[in-house]
Structure formats: structure tokens, C-alpha cells
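> One letter stands for each residue in the lines below.
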Amino acid sequence: DIQMTQSPSSLSASVGDRVTITCRASQGISNYLAWYQQKPGKVPKLLIYAASTLQSGVPSRFSGSGSGTDFTLTISSLQPEDVATYYCQKYNSDLFTFGPGTKVDIK
Amino acid sequence: EVQLLESGGGLVQPGGSLRLSCAASGFIFSSYAMSWVRQAPGKGLEWVSAISGSAASAYYADSVKGRFTVSRDNSKNTLYLQMSSLRAEDTAVYYCAKGRGETSGCSNYWGQGTLVTVSS
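Protein chains in written order, with my numbering: chain A, 1 to 107; chain B, 108 to 227.
Calculated directly from the structure, the hints in this document are not laboratory data.
Beta carbons: idealized from backbone N, C-alpha and C, even for Gly.
Each hint should be verified, as a subset may be incorrect.
Claimed, not checked - Partial chain A-side listing against chain B, Cβ under 7 Å, derived:
#  : residue
1  : N31
2  : A34
3  : G41
4  : V43
5  : P44
6  : Y49
7  : F62
8  : V83
9  : Y87
10 : Y91
11 : D94
12 : F96
13 : G101
Said to hold, decoys possible - Listed below are several chain A residues computed to face chain B (Cβ distance under 8 Å; list not exhaustive):
#  : residue
14 : D1
15 : T5
16 : L46
17 : G57
18 : L95
19 : T97
20 : F98
Could you build all of it, start to finish, from the sequences and the hints given here?
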């Protein structure tokens, strides 16, 4: 089975900082990679699919890149409302595994 | 407007069974894959199961294979998860989620979740 890892597991950054989260698949998954945001006490929200396509309504400060085994989620200018846990998910094949999550807060 | 409403959660003893339902509205239900995703208290998201729009294909995480069965009734716009041989580690909020396509495991809408507690 393909395993998904994320780094870092948590980070603290200042408002306006550029934040990058990495997701790695143990085998190639082409671009079948999604990113979700889950704010405390809330339901997960799809941010990016197909590794780099922004879901409708998501602010343009969020972007995704990568293909194969290595992917990144970038927040170009961190805002207070971006405090959340971010998960990657692979959705190729028949197991749609999530990464362990990256918790982002404000310094 | 897409709406997903889960029901059927509750307290069940280890070894017991429970059936979750997810009533969907606001989209052509039979055209989209549906997934179940769970989240144990204070933990991350865990994908549990998915079913294609036509119900021709169903997929399961290794942790629930052989114990859980996903199904759907496209005439009632409802998704189900039959859970049996429940264990303490199955305790979680269970979300149903709509796929982006007929077979997609990428979910663009989520329900509010229903809590399943497995305890004696």
C-alpha cells in the first residue's frame, strides 16, 4: 500500500509569512493529490485537487505543486484565518489515504 | 446547494453493529462517488470506504475490510455504511463526503458528521 507522509507535523509562522507544507507518497501517484484544510471544530474543506488546481472559492494565496511522489502546499501570505490543520490525500487507485496532517498556527 | 446529512451514530458495545446513513441533496446523486471518512477524537482524518456513483465499485481501508460494507440507494439519494464487529478503535466522528466525479476519491463536499462511540 502507498503511504503518505507530511512535513512538518506542525509549524508556527507570522502573519504575512510564506508557508510551505510538503507531502510525500511512497510510490508515484501522478497528480492524484488533494489538499484539505480543517479549522478547529469544523468540517474539512477541499483546497486543491489534481495537485495544483485551486477549488472554486479558495483564496489565491493557496497554491499546490508537484507530481509523482513529492508535493507541496504553499500559503503565500499567512493570514489569521488560515490557522488550521492541513491534510494531503491521494486518490489514485483504490485506497484514498490521507497524510497525517500539518498543524499551522500564528506566532 | 449540496447538502449531506449523516445519521445513525451512537453508543454501541464492542462486537456490536451499527448502520450509518447519509442523505444527499442538491446534486445528481448517482453521478458521483461517495466516501466515508472518520476522525477519532483529537486525531487526523482516516479514509474508510468509497463507492462509485453506479455502485459498481466499492473500496475499503485495510482497517475496516471484512467488517464494514458501503452501499447506496440512488433512488433514495442515500449512502450507507454497515459496520459490524465494532472495536474501541472504531470510535470516531464519521463524515460522508461527495466525490468530484463518478469514481473520484477526492471529496469536494462534506457532511457535518455523526459520532460513533464503541464502549462497554
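> Holds or violated: A:P44 as interface residue toward chain B, Cβ cutoff 7 Å?
holds (6 Å)
> Identify whether the interface hint at A:F98 stands, where standing means a beta carbon of chain B within less than 8 Å of its own.
Status holds, d = 5 Å.
> Can the hint on A:F62 be confirmed by a CB-to-CB distance to chain B that is less than 7 Å?
At about 15 Å, which exceeds the 7 Å cut-off, the nearest Cβ of chain B leaves the hint on A:F62 violated.
> Against chain B, is A:N31 within 7 Å by beta-carbon distance?
At about 11 Å, which exceeds the 7 Å cut-off, the nearest Cβ of chain B leaves the hint on A:N31 violated.
> Given A:G57 as an interface hint, is its Cβ closer than 8 Å to any Cβ of chain B?
The hint is violated - A:G57 has no Cβ within 8 Å of chain B, the shortest such distance being about 10 Å.
> Would the hint on A:F96 be counted as holding, given a Cβ-Cβ threshold of 7 Å to chain B?
Since the shortest Cβ distance to chain B is 3 Å, the answer is holds.
> Using 8 Å as the Cβ threshold, decide whether A:D1 counts as touching chain B.
holds (7 Å)
> Have a go at the A:G101 hint: is there a Cβ in chain B nearer than 7 Å to its own Cβ?
holds (4 Å)
> Given a cut of 7 Å on the nearest C-beta pair, is the interface hint for A:A34 held or broken against chain B?
holds (5 Å)
> Would you check whether A:D94 satisfies its interface hint, that is, whether its CB is within less than 7 Å of any CB in chain B?
holds (4 Å)
> Less than 8 Å between beta-carbons is the criterion; does A:L95 satisfy it with respect to chain B?
Hint on A:L95: holds, closest Cβ of chain B at ~7 Å, below 8 Å.
> Any CB of chain B closer than 7 Å to the CB of A:Y49?
holds (5 Å)
Consistency with the previously given hints fails for numbers 1, 3, 7, 8, 15 and 17, ordered from lowest to highest.
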